[in-house]
Amino acid sequence: EAGVTQFPSHSVIEKGQTVTLRCDPISGHDNLYWYRRVMGKEIKFLLHFVKESKQDESGMPNNRFLAERTGGTYSTLKVQPAELEDSGVYFCASSHQGLAGGPAYTQYFGPGTRLTVL
Amino acid sequence: LAKTTQPISMDSYEGQEVNITCSHNNIATNDYITWYQQFPSQGPRFIIQGYKTKVTNEVASLFIPADRKSSTLSLPRVSLSDTAVYYCLVVIPLYNQGGKLIFGQGTELSVKP
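So the protein lines, in turn, are chains S and V. Last residue of the first sequence: number 953 in this note's numbering, and the count goes up by one each step with no gaps. Last residue of the second sequence: number 397 in this note's numbering, and the count goes up by one each step with no gaps.
Do not take every clue at face value.
Said to hold, decoys possible - Across the chosen pairs, the derived CB separations fall in these ranges: (1) V:Q326 / S:N897: 23 to 29 Å; (2) S:E903 / V:A350: 43 to 49 Å; (3) S:L901 / V:R329: 24 to 30 Å; (4) S:P896 / V:E301: 39 to 45 Å.
Unchecked claim - Selected chain S positions facing chain V (in silico; Cβ < 8 Å): (5) D891; (6) F926; (7) S930; (8) G945; (9) P946.
As the list claims (entries may be wrong) - Pairs of lysine-lysine residues, derived as BS3-like cross-links and limited to a Cα-Cα distance of at most 27 Å, are as follows: (10) V:K396 / V:K336; (11) S:K879 / S:K889; (12) V:K287 / S:K879; (13) S:K876 / V:K287; (14) V:K353 / S:K876; (15) V:K353 / V:K336; (16) V:K287 / V:K338; (17) S:K876 / S:K889; (18) S:K879 / V:K353; (19) S:K889 / V:K353.
Simulated from the structure, these hints should not be mistaken for lab results. Note that beta-carbon positions come from the ideal geometry of N, C-alpha and C, so glycine has one too.
Okay, chain V solo, but in the shape it has when bound (with noise of 0.2 Å):
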């Protein structure tokens, strides 16, 4: 399974757009690349999931280069709300390993006034 890198913190302000940046080098050709978000005392919510080149949707945006080794999560003005910790995970498809998802150690963002 690929590993996941990707910065322990981030600090940013209310209105700024974030970019997370995740390096998952030992990808597969089948895997997908995928990212949660976790705030306190709850269960990870995922954000988005893609494959290739660029996905948007009313949360987020992913971009994914040609070589498929890295990955970047863009938060378009983030809020107050936005703080949680951030992961980044590379998912095999379902019908080959079950879809297990390995959790990294996140990065855990932190938005302020």
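Pulled out of the complex, with its shape left as it was, chain S reads as follows (with noise of 0.2 Å):
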């Protein structure tokens, strides 16, 4: 089966400017994170959605950043305006839904998007 995918896998743009990045998780996974590495830091988780809804979004640095999931499959993460500090490589995941009680079902993650800010 097609693992996680993500565009662009590089973005090169001016502070201030626009940014708009997109995950298409695996078929069929209804959860669907994103994740974010800046320099020198560790991976941070940002959003959660399951299906179309965010299911946890309490990692979202601030409200220049809005995630979407249109009808349950791609996401779009934007960032607008884009500041210095955004700067890094943003990581997209998916998985099945969990049962209750069950472990916690494996994240596939896709290559990342490199962000740089200048």
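Take each chain as given, in its own frame, and dock them per the hints.
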């Protein structure tokens, strides 16, 4: 089966511009997650969709970030306006929906989008 | 969420067995222990997950003592291609908290010829 795909692989923009990242999860996966790693830091959770609904957006840094998952398929993460500190690698992951009392299902990660804000 | 502690880096040679130990003193009753591997310019990749005792798959083994306050990832006969960062994570089951992953700094494993 096809893995998680992300587009673009790299994006270089200037401060103040807008960038939209796209993630296509593995077909049939209800859970979709966004993470990011900024330079020198650990990978941090941003938010979690279950189908088209936001389950947990506690990791979103501020209101310049907007995530959507229309129809419960692919997801977009828009940064508007971008700031220098937004530079980093943005990862998307997907997994099956878990069963009550069961283990956490494996999250499959995409290759990431490297965002550079100048 | 349980915090994990693991060595920042480890060195090994091809053909050796590598054991990476992770401590998670505050692990909760329902939490699972999961290990991910990450190569440069790639996303993290699931290796193995367990709750207690021993779990083995085609890639690695995971040893978890009875108190579950630590775990050890064992990589048999490593090769150069096993050079990567290895993350130990404590994961809350999906039904409770959504299963978000909390990454630490990981262990950078360097395998030499």
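In rising order, the numbers of the hints this structure does not comply with: Violated hints (numbers, rising): 10, 19; every other hint is consistent with the structure.
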